[in-house]
Amino acid sequence: GAGVSQSPSNKVTEKGKDVELRCDPISGHTALYWYRQSLGQGLEFLIYFQGNSAPDKSGLPSDRFSAERTGGSVSTLTIQRTQQEDSAVYLCASSAQNYGYTFGSGTRLTVV
Amino acid sequence: DQQVKQNSPSLSVQEGRISILNCDYTNSMFDYFLWYKKYPAEGPTFLISISSIKDKNEDGRFTVFLNKSAKHLSLHIVPSQPGDSAVYFCAASSNSGTYKYIFGTGTRLKVLA
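Protein chains in written order, with this note's numbering: chain X, 9 to 120; chain H, 21 to 133.
To be clear, the hints were calculated from the coordinates, so they are not data collected in a lab. Warning: the hint list may mix true and false statements.
The list that follows gives simulated cross-link-like pairs (lysine to any residue, SDA-like), each with its CA atoms no further than 20 angstroms apart [unchecked claim]: (1) K120(H) - D32(X); (2) K120(H) - S61(X); (3) K120(H) - S81(X); (4) K130(H) - S30(H).
Isolated chain H (complex conformation):
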């Protein structure tokens, strides 16, 4: 039972264009969401977060949008750069105090120069 889903296993985008990575969740109790980026042979690194009290959070080239009614979030990267090529994981938590995050299966982004 996959509570956090990333339905696109891979995505290719031209350098300078926008990358949009999508994530859907099924548990309505989730109220805190994270995006992580992972390069090969390295651990995932934190990218950006959003809580359910907001519908948008922006950090430089990265923006995360949350649609609670649709149980959907997306990560926008603009402009995309070749160094953004990595696997991106979304994660969700009910923030019940345990801070246990459920991760999606990841989307491999390839930014073409």
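So here's chain X without its partners, still in its complex pose:
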């Protein structure tokens, strides 16, 4: 596609449930990033995939968070046993080189 696609755009889930967020990057972009923006906060780095290298998971806030990228393309961010503090907009971005990212529109996650 022409841009980075994220689904769903909105997700409301009950506390304790697992959720999966999907990101479809721009074709040919080797790097993929997940960020989140909580209310009143900046963009918090979560995880970074680059080609076949081991992902940089240094931003994942807890072991309830995991992400995978299959075939160097689509990525799924999974949050297990969701908590209310997980409520945020989860943004995915991809890039080809170091001249900035292209972001998707995000998934707004609300944990009730």
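On the provided structure of chain X, position chain H as indicated by the hints.
Relative to the frame of chain X, chain H by itself:
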């Protein structure tokens, strides 16, 4: 530990005047900087960049200034237009090959007609 700081959460400017958005960083290894603009319900979009080998980069109404000794950069928008009303994020990277950017908390700009 906030490595990239935008100390002004909001800014209001009259249409036609200059908007100046500031950003400070603490990591001296940062050598590539970006500004992004974000409208509600949309992802951030790239606006302008600057590398540490320059102290100024200009693109139309947008100019970014970098003061490496002060670890400070600023985005100037002149003349400001109502369509510029958005949240502006600065981001920094050490450009070590990972291209992992650290973002500030954003400044909400409101341009008044």
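Hint check:
For the proposed pair K120(H) and D32(X), the alpha carbon gap of about 19 angstroms is at most 20 angstroms, so the pair holds. Between K120(H) and S61(X) the CA atoms are separated by roughly 14 angstroms; this keeps the pair inside 20 angstroms, and the hint holds. Proximity of K120(H) to S81(X) is assessed by CA-CA distance (about 18 angstroms); at most 20 angstroms being required, the pair is judged to hold. Between K130(H) and S30(H), the direct Cα distance comes to roughly 8 angstroms. Compliance with the 20 angstroms bound is thereby established for this hinted pair.
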